[in-house]
Amino acid sequence: MRNKFFKLPGNDELIRQTLSQETPTLQRVSSSKLHYLRKSLGALSFVIPRRVDLRRRVVSVLMSVFRHSILIGLSFVVMYPLLFMLSNAVKPYAQARDPAVIWIPKSVTLANFEDIISIMDYWGSLLNTLLYTVLPTVLQIGVCLLVGYGFARFRFPLKKPLFAIVLLTVIVPPVSISTGLFRAFYAFNPFGLLGFLNSVTGGAVPASVNLIGSHFVTVIPALFAASLRSGVYILIFRQFFISMPRELEEAARIDGCGPLGTFASVMLPNAQNIALTALMLAVVWNWNDYYTAATYIRSRYTIATSLSEVKQLLQQLAGAGSENLTVVTTRIQAACLMGIAPLIAMYAALQGRLAESIETAGLTGM
Amino acid sequence: MSKGYLTLRRREALHGYMFILPWFIGMLLFFAAPLVESFIYSLSEVKSTGQGFQVLINGVDNGKGLWDNYRHMLLADANFPQQLAITARDTAAAVIVITMFSLFTAVMLHAGFKGRNLYRAVFFFPVIMATGVIYLLIQEGLAGGETLSSTNFSDAGNAFMFKVTSIRDIMIRGGVSAGFVEFVTTLVNLIFSFVSKSGVQILLFLSGLAKIPQSHYEAAKMEGANSWESFWKITFPVISPIIFLNVVYTMLDSFITYGTEKFGNVTLYAIQQMGFGKVMRFDYAAAMSWVYTAMIIMFVLAAYILIGRPSSKVTE
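Chains A and B, in that order, are what the protein sequence lines are.
Taking the numbering used here, the leading residue of the first sequence gets 619, the next gets one more, and so forth.
Taking the numbering used here, the leading residue of the second sequence gets 356, the next gets one more, and so forth.
Careful, some of the hints might be misleading.
Unchecked claim - Straight line, CA to CA, 30 Å or less: simulated DSS-like cross-link-like pairs of lysine-lysine:
#1 B:576 with B:588
#2 B:566 with B:469
#3 B:419 with B:633
#4 B:576 with B:566
#5 B:566 with A:778
#6 B:566 with A:777
Said to hold, decoys possible - Chain B residues, not near chain A, derived (Cβ > 12 Å throughout):
#7 366
#8 371
#9 376
#10 378
#11 393
#12 414
#13 428
#14 429
#15 450
#16 451
#17 529
#18 535
#19 546
#20 622
#21 630
#22 656
If you're looking for bench data, these hints aren't it; they were derived computationally from the structure.
Virtual Cβ for every residue (Gly too), placed ideally from N, Cα, C.
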């Protein structure tokens with residue numbers, strides 16, 4: 619049935635003709651045998667160029683030109699902002715309005731960076747960002763790994779409705795709970811615990827604490843897998859752990875490991891790539907998250923909040939005159955570039971891991 | 356050792372609860388409680404006093420009707436329904452364009468050719484930039500710096516991004532209708548916004564494509580299938596669950612990404628300003644956010660009904 623309709627293009631045609639002349643019985647040759655024959659006759663097709671072959675080659679070259687031109691075009695779109703930032707950030711501001719200068723400045727200066735470092739208190743903002751967003755992110759990913767493992771491997775009553783709530787936390791936008799959350803931080807009194815202690819100790823412990831503007835606003839939710847997009851990571855990790863073979867854990871359990879020990883010694887090392895990928899996404903999202911910083915951290919400037927105000931600061935400094943606009947433009951580009959420079963460095967370092975976790979298909983695990 | 360008395364089943368359940376306990380506590384404290392609280396706010400009148408807040412439930416503690424905030428929003432508020440409609444429209448457009456674009460790009464990047472790793476690195480790069488403040492600064496430059504004038508993110512880069520003014524001039528002089536020119540220039544301006552929002556989606560598609568063994572394509576080729584046919588018969592069925600995943604991801608991304616007064620997610624900006632801006636009306640902001648949440652849930656449900664369920668088409 620199969621061979622009756624079998625179409626053999628190009629080389630295969632040649633092989634078949636050759637075969638049919640010499641050995642008619644081999645005409646219904648199976649595809650795997652054909653493969654070997656084709657390989658051995660490969661040299662022949664080089665000696666005798668055929669029209670069909672030429673056409674195929676032209677088509678494949680055209681396809682590759684087409685593919686690369688689309689991809690290069692899109693890459694340019696993607697990289698444009700970065701190139702623009704780079705080009706402007708190193709321009710002396712006299713050249714920002716020079717029509718003769720488009721991409722490559724006539725001379726390079728670091729003045730824009732130096733100005734920005736002092737204007738937006740770069741090192742202070744960076745430190746705040748590291749403390750308020752990067753550190754909690756690491757905690758958050760760690761806890762989400764545990765929770766994801768819990769949902770993936772253990773059977774317990776109410777598992778499905780609980781997991782449905784995880785999905786709900788992903789769906790409900792942060793702004794919907796922000797009014798209630800603000801009050802929860804403003805008068806922090808978990809389960810009435812502080813209020814209870816207050817009445818027991820007769821006022822030695824405050825009835826509630828105001829956490830707004832402190833480290834705890836980001837650290838405490840991170841410890842309980844309740845910060846920005848935690849549900850997404852729990853989901854990703856759960857899918858990943860489900861796709862892992864159970865034999866690994868059984869071996870560890872036989873060696874006398876408890877569930878936590880098994881998790882730490884066997885599952886975590888395997889989840890390295892996926893965890894780093896998630897960590898990278900989490901750091902990026904938290905780094906640029908203006909909303910949380912503006913609402914709950916407020917007075918302490920992170921990179922995101924100080925970037926959002928850098929323009930106003932610059933205009934105040936420049937006296938808001940229109941001839942100073944170029945000063946503002948080049949410095950803003952320097953500010954943007956410096957704001958994401960640590961992220962770019964992180965991406966460059968982790969990019970290989972990311973590619974690996976794509977190749978092993980650990981990301982969706984479905 | 357009380358553990359010894361537990362059955363195997365019970366011990367497993369206990370361990371499971373142990374692992375998810377941190378999340379459960381966090382969910383109660385920082386999700387469920389604020390969610391319920393904001394619902395109560397939405398049915399009340401929240402007054403700011405010197406010490407804190409005073410919550411008067413409508414119809415119980417004051418003379419208003421219980422649903423007054425909602426009634427006001429839908430019947431008397433001139434802005435909010437419009438803002439909701441804009442966000443819904445933008446999200447629908449983003450979902451369609453981004454899903455198609457990221458599938459197209461992923462299929463192109465999946466094929467084995469030289470330099471694909473470099474392209475992959477490039478295409479995922481916007482994930483770093485295309486969020487938060489940086490994204491707003493970039494977007495703003497793209498729109499010519501005028502759309503965001505009322506906020507902190509004002510005209511950062513006047514000479515920024517794809518300035519299509521010259522093309523626009525040529526087209527208008529060439530007698531092309533103004534409406535069409537506007538359409539084309541808007542599309543060109545939006546390319547960056549769509550491309551830059553596709554990083555994670557491309558990643559998800561690629562990881563789905565990685566699961567299809569190459570031998571399937573070879574077999575199809577042997578049978579005489581061309582690449583168009585093998586895409587629909589082999590690639591598409593495998594990645595269709597990922598299409599649903601990507602649609603939902605794009606939706607949520609668009610729904611929870613912060614915008615400004617006139618740009619990006621206008622609804623979120625309006626809610627944030629109502630609750631934490633100069634007005635500080637917690638009650639009304641809470642009602643707005645509940646209506647917004649209801650809209651999001653409707654979107655996700657619609658996606659589930661339309662493409663989420665395993666349909667018979669795939670198995671045919």
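Here's how the hints hold up against the structure:
1. B:576 with B:588: 12 Å, holds
2. B:566 with B:469: Distance ~20 Å between residue 566 of chain B and residue 469 of chain B Cα, so the pair holds.
3. B:419 with B:633: Status holds; Cα separation ~24 Å.
4. B:576 with B:566: Cα-Cα ~19 Å, so holds.
5. B:566 with A:778: 27 Å, holds
6. B:566 with A:777: Judged against 30 Å, a Cα distance of about 29 Å means the pair holds.
7. 366: 9 Å, violated
8. 371: 3 Å, violated
9. 376: The assertion about residue 376 of chain B is violated, with a minimum of 8 Å to chain A.
10. 378: 4 Å, violated
11. 393: 4 Å, violated
12. 414: 20 Å, holds
13. 428: Nearest chain A Cβ is 14 Å from residue 428 of chain B, so the label holds.
14. 429: 17 Å, holds
15. 450: Non-interface label on residue 450 of chain B holds, nearest chain A Cβ at 15 Å vs cutoff 12 Å.
16. 451: 18 Å, holds
17. 529: Fine: 24 Å to the nearest Cβ keeps residue 529 of chain B off the interface.
18. 535: Holds, because the least Cβ-Cβ distance between residue 535 of chain B and chain A comes to about 22 Å, which exceeds 12 Å.
19. 546: 6 Å, violated
20. 622: 9 Å, violated
21. 630: Not fine: 5 Å to the nearest Cβ puts residue 630 of chain B too close to chain A.
22. 656: 10 Å, violated
Consistency with the previously given hints fails for numbers 7, 8, 9, 10, 11, 19, 20, 21, 22, ordered from lowest to highest.
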